[in-house]
Amino acid sequence: MEPSNVFVRWRPLPTTQLDTPEINRVHEKKQHHSSRISISLTSPGDRAWKSSPVFNQVFGPTDDNKAVFNAVVAPILPRVLLAGDSCSFFAYGHSGSGKSHTILGYDFENPDSFGLSVAAARCLLEELKGFNTGNARDDPSSAGGLQLGIGLRMYELRGNAAFDLLNDHCKCYIRQGYDGQTHIRGETEIFDGGRVRVRPIMTKPCWEFDDFRRELLRGLQLRASGVSTIHEESSRTHAVLELEIVNRALLDAREAVVERQSELVPVAKRATDVYIEEQMKGLVRTEDGEFVSNPEYQIDQRRIDEAEEKKAEVEKYVKDAENHVDGVFGLCGQTCLGGKLVFVDLAGAEYYHGKSPSSIGGPRPLPSPQEQREGRQINTDLLALKEVIRARASKKSRIPYRSSPLTMVLRGHFEPRGSKDSYSAVILTASPAADQYAATANTLKYGDLVGMASGAKK
385 MEPSNVFVRW RPLPTTQLDT PEINRVHEKK QHHSSRISIS LTSPGDRAWK
435 SSPVFNQVFG PTDDNKAVFN AVVAPILPRV LLAGDSCSFF AYGHSGSGKS
485 HTILGYDFEN PDSFGLSVAA ARCLLEELKG FNTGNARDDP SSAGGLQLGI
535 GLRMYELRGN AAFDLLNDHC KCYIRQGYDG QTHIRGETEI FDGGRVRVRP
585 IMTKPCWEFD DFRRELLRGL QLRASGVSTI HEESSRTHAV LELEIVNRAL
635 LDAREAVVER QSELVPVAKR ATDVYIEEQM KGLVRTEDGE FVSNPEYQID
685 QRRIDEAEEK KAEVEKYVKD AENHVDGVFG LCGQTCLGGK LVFVDLAGAE
735 YYHGKSPSSI GGPRPLPSPQ EQREGRQINT DLLALKEVIR ARASKKSRIP
785 YRSSPLTMVL RGHFEPRGSK DSYSAVILTA SPAADQYAAT ANTLKYGDLV
835 GMASGAKK
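For the sequence shown, the working numbering assigns the number 385 to the initial residue and increments by one for each residue that follows.
Fair warning: there could be bad hints in the mix.
Stated by the list, open to error - Cβ-Cβ distance ranges computed for the label pairs, FRET-style:
#1 Tyr557 x Gln605: 20 to 28 Å
#2 Ser787 x Asn408: 32 to 40 Å
#3 Pro445 x Lys414: 20 to 28 Å
#4 Ser778 x His411: 25 to 33 Å
#5 Pro405 x Ala451: 21 to 29 Å
#6 Lys779 x Gln560: 18 to 26 Å
#7 Gln754 x Ser787: 22 to 30 Å
#8 Gly514 x Glu799: 25 to 33 Å
#9 Ala451 x Asp710: 38 to 46 Å
#10 Arg598 x Glu406: 36 to 44 Å
#11 Ala451 x Thr656: 55 to 63 Å
Stated by the list, open to error - When the alpha-carbon atoms are kept at most 27 Å apart in a straight line, the in silico BS3-like pairs for lysine-lysine are as follows:
#12 Lys700 x Lys653
#13 Lys414 x Lys779
#14 Lys414 x Lys434
#15 Lys695 x Lys665
#16 Lys770 x Lys829
Since the hints were made in silico from the structure, they are not lab data. As the structure is a prediction and not an experimental result, all values here were calculated from the model. We put the beta carbon where it would ideally sit given N, CA and C, even for glycine.
Kindly produce the complete structure, drawing on both the sequences and the hints.
So this is what it looks like as structure tokens:
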């Protein structure tokens, strides 16, 4: 469990507000605190505030996405490419502070303007070309192909559900499986013969950067944007982008697991039905309403055993398919296979601090009932995320992943299976405008708490 790094990014003032007074802010670096930075805020009419020395780096209004990427994400890429680690990046801040601009960007043609996730995909795919030289003749889209690419998963979390942005905004359900892992499952498909299939969230293989950009833009068109009283372009959901290093062999192996699991459902159901049916035939109800053994019927144990044997046979097929997934990692010979970059564009933080809209930017309309409901869930999610990061950094024995759907989903990235390691960073996006003082101070306070738990002391 590594401590989380915390970065601050000041957004520039909008062109329509260039004359707006700014918050007085001082960045102070203390060498004896591992070169971490503290921030002091003052503004007329507001109470002064100073953070602990917890911030790794502070980006000014003139720093573009490329500068942020080079400092925050680029140094971490070798962990994914060489060790297959899972690295997560969270953009936290109030609506309109630049979270989506940081994670996604708005210009998908200019590399200097790419958001962190887009720039990371471009770099990964460039680096993977070198890994693929030994499989140059291998068609990456052919069955069993070993060439490496990116598997893109893109979904948004709203309330207790996830919506798959790469599968027609399909509603998915967040469940904890028998293995203790959290799974995001789509709608149940029922076929002839009782076969039932529940697919995981869609993974789109991207072998070239143009593939990635095309799938990303399609997904963004489906992202739900609510018109809030805070910011008209604000999304009231958390957007999650997962970039996993995959090959066709791994994708095919995972698909085989889904198919085998679908074959198990009717067989397991029949085994249960046969057992219950035989047990019920072996009982008879007395006049007093009690059930006693039926002397006229002998339970057909052979029938029960045959159904159980068939169930065990199909369960073995499922286990073999799961083992084959593990075997693909060894077959590939690349430790980077399965490495992940996870980017989370968190919903607006204005509700987290319990502030009314009038306290962050002047008088505004009261939030609607729907906004209030969404706000309560966002509040729960952001509080839970903070507590999970703090608990991990403090190496507590119990980490409250089940406190919210957001942290349940992120558990697999914080705690990757096997020998893989994980890394996380929080990017605080803040406005320098004086009328946003309360919002900005609250954003930095959130980061201060995360940073303090990650090992920085006053």
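The hints, checked one at a time:
1. Tyr557 x Gln605: 20 to 28 Å: Hint holds: Cβ distance 23 Å, inside 20 to 28 Å.
2. Ser787 x Asn408: 32 to 40 Å: The hinted range 32 to 40 Å holds for serine 787 and asparagine 408, with Cβ atoms some 37 Å apart.
3. Pro445 x Lys414: 20 to 28 Å: holds (24 Å)
4. Ser778 x His411: 25 to 33 Å: holds (27 Å)
5. Pro405 x Ala451: 21 to 29 Å: holds (26 Å)
6. Lys779 x Gln560: 18 to 26 Å: holds (23 Å)
7. Gln754 x Ser787: 22 to 30 Å: holds (23 Å)
8. Gly514 x Glu799: 25 to 33 Å: Once the Cβ atoms are compared, 30 Å apart, the range 25 to 33 Å for glutamate 799 and glycine 514 holds.
9. Ala451 x Asp710: 38 to 46 Å: At 40 Å between Cβs, range holds.
10. Arg598 x Glu406: 36 to 44 Å: For arginine 598 and glutamate 406 the Cβ distance comes to about 40 Å; the hint holds.
11. Ala451 x Thr656: 55 to 63 Å: For alanine 451 and threonine 656 the Cβ distance comes to about 60 Å; the hint holds.
12. Lys700 x Lys653: Holds, at roughly 16 Å.
13. Lys414 x Lys779: Holds, because 26 Å separates the two Cα atoms, which is no more than 27 Å.
14. Lys414 x Lys434: Holds: lysine 414 and lysine 434 sit about 14 Å apart, inside 27 Å.
15. Lys695 x Lys665: OK: lysine 695 and lysine 665 at ~22 Å, within 27 Å.
16. Lys770 x Lys829: Status holds; Cα separation ~11 Å.
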